[in-house]
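Protein sequence lines, in the order shown, are assigned to chains A and B. Mapping to UniProt numbering: the first sequence position 214 is 214, numbers consecutive. Mapping to UniProt numbering: the second sequence position 333 is 333, numbers consecutive.
For the record, the hints were derived by calculation from the structure and aren't laboratory data. Fair warning: this is a prediction, and the values are worked out from it, not measured in the lab. Hints should not be assumed to be uniformly reliable.
Derived pair list, reagent style DSS-like, types lysine-lysine, alpha-carbon separation capped at 27 Å [as the list claims (entries may be wrong)]:
1) A:95 with B:49
2) B:334 with A:19
3) A:26 with B:22
4) A:22 with B:49
5) B:334 with A:279
6) B:49 with A:19
7) A:49 with B:49
8) A:49 with B:98
Number of protein chains: 2
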Amino acid sequence: MGYKSTDIKSIVAEILEAKRDKGGIKSLYFVGCGGSLGALYPAKTFMEKESASIKSAWINSNEFVHCTPNDFGENSILVMACHKGNTPETIQAAKLGKEKGAAVIILTWLEESEIVEFGDYIVLYSFDASQDHLAGDIDYAGEKTLCALYVAVELLAQTQEGYKNYDKFYEGAGMITNIIRNARTHVKERAKIFAKARKNDSVIYTMGSGASYGAAYMESICIFMEMQWLDSSSIHTGEFFHGPFEITDANRPFVIQISEGSTRSLDERALIFLQKYAKNIEILDAKELGLSVIDVSVVDYFNHSLFNNVYPIYNHELATIRQHPLATRRYMWKVEY
Amino acid sequence: MGYKSTDIKSIVAEILEAKRDKGGIKSLYFVGCGGSLGALYPAKTFMEKESASIKSAWINSNEFVHCTPNDFGENSILVMACHKGNTPETIQAAKLGKEKGAAVIILTWLEESEIVEFGDYIVLYSFDASQDHLAGDIDYAGEKTLCALYVAVELLAQTQEGYKNYDKFYEGAGMITNIIRNARTHVKERAKIFAKARKNDSVIYTMGSGASYGAAYMESICIFMEMQWLDSSSIHTGEFFHGPFEITDANRPFVIQISEGSTRSLDERALIFLQKYAKNIEILDAKELGLSVIDVSVVDYFNHSLFNNVYPIYNHELATIRQHPLATRRYMWKVEY
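All chains, please: the whole structure from these sequences, using the hints.
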């Protein structure tokens, strides 16, 4: 098969062992397209915050192929997400990784796909495949976002730098599935109210910060734009006051993520403004949704998984009331591009 | 004064000398808010592509203050842009830099401002302050975007890694002012046609890739959203096909940057799609606008400056025909936030 599916701690150990006499691992690249790129965002912020010496970047697959970092090679780990294993740009990036001698870890949902032959390690992540995204009985700790984080956590922990919050991190991972399940139940009624109120809108903004900005990005591009054909943008709550906030009025709707952890005050500041000048605000508050039981030293990195799995409850209601099923496409997989 | 204004090559040399016995420089952080953050984007991509060993990140000021990278300290350079030197979040970040012993370089337009006391080095950049952004007689090589790039270029060149395209880079910098002046003249008539066509629109998207994505971001948040109150988002041309392109129709307008250099094929692919399914497309093509005289090894990094200085011609016409002056604000500097 040319690949093995095993757990991420062992994968990282095996890579470090194999690279020991070749200069070790000096860089970690997170590469993907659209939602698969967005899902890697928390791992990017983890490296920026926690690692002093390992270079890291978060890059769209096609950009990575055409504008490859000079140092990318046998001292690099390439982590890619590719849902069905058939995204051409991501396959190209994986091939490039092979050619350059990088250790290529592919996070995918399908065991049998085109991309797997170009990965040194294939990690099959968990995913809620139910059409309405409402089943909610999956292991959320096994999703791609957390798999990418595990690579970062393990790399740091198993190298010279170390990661002092290692145990707390896995404690958090052990709690996330229950938190998400409860949160999804918790928002069920308000999701219906949201959908009814937003039924005739043509634009919806998402907002967020820190490690969970990726969830705001994914909701904006994959759901509102792709699956509902709504105008949208994901606004960073720290950037809001330096341009975007001038569009705020009584009509424009915002979905704002209030993270738990270090960037919460950025989100709260944006919310206070919205509550003064906007009328249509949907608040996803990680504290209210139960995330605070995770230790403060690591909670930042779990916001994304929480928000990303609460959104489907809203999406289901919105698609239903708008009579625009989430699976509807006019271009994707239908025309040449 | 507590700061000196000198040239960037000397600044970097002085920092490296001062840090020689303290472990040297290991990280370079680009920090700012809104347009001042967007302007630092090319320097971020430069570090990602060209540097193997110096850690770099591009972070909103308020996020940087609340979620500071663990390694940030005396082995770091902090480069910040702050136009009038009075952005509270950026001042906080500068203070933090001082406290932590980082070398703080502040790029600003005003010599006398609140922030300068927190900078070890103050770089006064050039800026076209004419209300209508049409004077165009400034030294574009002295703008903040290029000043940030000079820091990155010098840091690489003066440390172990070296930068083999150093001479080509400065050759390009020597050409950019004339290129931009010609390009601004070149788009004058089409900017009027664009403005007339877009007069009654409520949404305009910008698109771009690579080092010039920052210019698309700035145009979207600082002009269309902030100064024209239009719905907008900056779409990465490599991400376009993984979600956003589903909003494409005959009505929605796009301004697309076709970069010269390594990511050009991403932009061209998006353009081909737009030309098939959209009707309102404004193309800013760096090749047509004269950027190709800059050497291919460094041309990527000059796209942003070109696009960012061609946009004002369009902005002026759009603001005029919409009778919505660019200086109009409803919240910024007017209400508490």
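* To do: Below or equal to 27 Å on CA atoms is what counts here, so check residue 26 of chain A against residue 22 of chain B.
  => holds (22 Å)
* **Pair hint outcome, residue 49 of chain B versus residue 19 of chain A [Cα-Cα no greater than 27 Å]** => Since the Cα atoms of residue 49 of chain B and residue 19 of chain A sit roughly 22 Å apart, the hinted pair holds (cutoff 27 Å).
* Asked: Would the pair residue 95 of chain A and residue 49 of chain B pass a check requiring their Cα atoms to be no farther apart than 27 Å?
  -> At roughly 19 Å apart (the allowed maximum being 27 Å), residue 49 of chain B and residue 95 of chain A satisfy the hint.
* Are residue 49 of chain A and residue 98 of chain B close enough, with their CA atoms no more than 27 Å apart? -> holds (19 Å)
* Taking 27 Å as the top limit, are the C-alpha atoms of residue 49 of chain A and residue 49 of chain B close enough? -> The given pair, whose Cα atoms are some 20 Å apart, holds under the 27 Å limit.
* To do: With a cut-off of 27 Å on the C-alpha distance, tell me whether residue 22 of chain A and residue 49 of chain B pass.
  => Measuring from Cα to Cα gives roughly 22 Å; hence the hint holds.
* Hey, residue 334 of chain B versus residue 279 of chain A, does the alpha-carbon distance stay inside 27 Å? -> holds (20 Å)
* For the pair we were handed, residue 334 of chain B and residue 19 of chain A, check the Cα-Cα distance against 27 Å. => violated (57 Å)
Hint 2 from the earlier list is the only one contradicted by this structure; the remaining hints agree with it.
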